[in-house]
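Following the hints, position chain R against chain Y.
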Amino acid sequence: MPTATVVRISSEVLARLYGQSEAAAWGVSEAAFAAALERSALKTLAEGAKDPRRLERFLSALHLKDLALACACGEGTELAWDHFIREYRPVLYRSADALAPGGAARELADSVYAELYGLEKRDGERRSLFRYYHGRSSLATWLRAVLAQRHVDRIRAERRLDPIEEEASLPAAATNPEDDPDRPRFLALVRLALLRAIAGLADRDRLRLGCYYRQSLTLAETGRLLNEHEATVSRQLARTRKAIRAEVERYLRKEQGFGDEQIARCFECTIDDPGPLDLEEMLGSGPPRKDSEPERSL
Amino acid sequence: MGKREQDTSMEQLLREALAARDRTPQSECLDADVLAAWADGALSGSERSFAEAHAARCARCQAMLAAMARTVPAPVATPAWSIRKWMSFLTPVAAGAVALALWFLVEPRSSLEPSLQSPPPSPTAVAVVPSPTTPPASANEAEKQHPARDEVKPEERKQERGRAKDAGAVGFADRRDQAAAGGVAEAVQVAPPNAAPASPAKPVQSPPADASALAKAQPVAEPVSTPPASPPPTRQSAANRTAQSPDQQATQQMDRLRDAAGARQESFGRGGGSAQQFRAGIAMFPIVAPGGRVHWRVTSGRVIENSIDGGATWATQYTAPENGMLVAGAAPSPTVAWLVGRSGAVFQTTDGRTWRRVPFPHSVDLISVSAADAQTATVVAADKRSFLTNDGGTTWIERKD
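Chains as they are written, first to last, in the working numbering: chain Y, 4 to 301; chain R, 16 to 416.
Bound conformation, chain Y alone:
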């Protein structure tokens, strides 16, 4: 039976971190703060927490003041809550407004707020969401992450209840044979080739592609997520598009035995009207998106 990893924080380190965190000002005891530090180390380092130097390095890099505040709020300290409400509720609301400008996410922010307070009780004990804040990021960023999580989950839950309309618009069903009898087949083949090409992408390329095309983030937002300059994002997207197009062509040529004319017709089927997702650029056949849609570049 595996033994649980025990995190041992030396008393000197604990005293230093406790002092830096100013937890005493919120009435958080050293023992309670030590428990929070141990939870954080255990979650991130697991077995690595046994290495005292690594443990100290990790703990020293935490947002100690935020962690102390979270501990105090988790314990229900009134003073800490007053501070939290004053400083962080605007953060939650601003984030909610950014996610749903119409105010729909405000309700979500309020529900997060209730979770933070810990309305739910388990085994007679109030369970605050603060328990899951480990101090690796700032408290404000963590709140944004919690809100983003709830927002996405709610949307996904709502989607599951929607009728599946996509199936009705599959290429074969939507095609009028009188327009071009080969079009359904061409579309299906391009679709297959595209799937294969995207599946073969490196994780980072795929994530970049997803952020930009699927999540409709701007180049700058995508760059922030991937720690890349937006010019790099633009360049990498162009490279990926080129690679996808080459792979689709290769598939049609080698595996389907298509000639240049047929391949051209395949692309015509898909790119003569770019549509809302701008497939024309996706396949590298048109002008760069940055030029055609400058408003999305920044």
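By construction, these hints were calculated from the structure, which means they are not laboratory data. Take the hints with a grain of salt, since some may be wrong.
Some chain R residues close to chain Y (C-beta under 8 Å, calculated; not the full set) [stated by the list, open to error]:
1. 55
2. 84
3. 86
BS3-like cross-link-like pairs, simulated, lysine-lysine; straight-line CA separation at most 27 Å [to be verified]:
4. R:399 / Y:68
5. Y:53 / Y:68
6. Y:257 / Y:245
7. Y:68 / R:415
8. R:415 / R:399
9. Y:68 / Y:46
Cβ atoms here follow ideal geometry from the backbone N, Cα and C, with glycine treated the same way.
Only chain R this time, still in chain Y's reference frame:
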């Protein structure tokens, strides 16, 4: 197939292609702690790789990351502009000014003389700043302390003047000669290195005959022993200046010398503006290009003005979108200048006339810049990180040193 159907089919195509990760079990999804650490750049290399690999195939996590990206708060500049932060870089500036003043007071006179004979020093030469707090000495005392001045024979003086003219220091040499002939110390223009300025004895040196002479003389003489004339606090014509009393001129010159010392520091990346200016949010700071003729200054933190005559006249070149946006600058050459400011604002001119905004990947407040040329510059953020570009701002690398 109609256009509408095509659109739908293509959308379906991509959605399906990019949604394979939907099948990823949710138990592996990134939790809020990891998402937040990702956003704050706190993940280790291996954690980051793992998280990216997962997010690349997980629609839920990708959507959460996108939601996070959309909720990035607009940078709030106020906390970054605390007095303490500004003091952190004003302190070295003040220390530099004190060091210059000490050098000025302690350095033997002989060290000044060769500079008169040599060509103008390199643009990186440090401005000479007389200490404004030095107790004034009488003209006679000054003369006693500097007998060498009297020992200069008329022939030598002529030679010296000729050399100075060759070096482009006509106005300076002439005035110096006049003062020496009159037996009165020059309190400001040629304050001896180890002598206190003689305030009771007013500078008798008369203003140049015409405004253009002054405008020419000051910047030309600057590389020899005086710093470049910094932009005056208000737009003031040279003609008006000539009409002022010698006292006023001396005071203004002292102000300009102090400002110019700040400008020198500015040019080498130490931020700009006084603490009071920054506190007031009006941040007017000068930037002097090597050679001393070309100046830029930023008023109200947004209006970029240029002078090509050593600060005598100014013309507006560009207005940034927001007040208080620009806080520091550097001019590595008369045609190249960089300006930085709040929320990652970086502006650059490479022709001395037109300005462009240089993309900067972080929304941090930038507090100083040092630049070697149009391609290479280093900016320092309020959070003490520094970023280097070697390609004119196309890419920025965070410096780890």
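Each hint tested on the structure:
no. : hint          : in the structure
1   : 55            : holds, 4 Å
2   : 84            : holds, 4 Å
3   : 86            : holds, 4 Å
4   : R:399 / Y:68  : holds, 20 Å
5   : Y:53 / Y:68   : holds, 24 Å
6   : Y:257 / Y:245 : holds, 18 Å
7   : Y:68 / R:415  : holds, 25 Å
8   : R:415 / R:399 : holds, 11 Å
9   : Y:68 / Y:46   : holds, 19 Å
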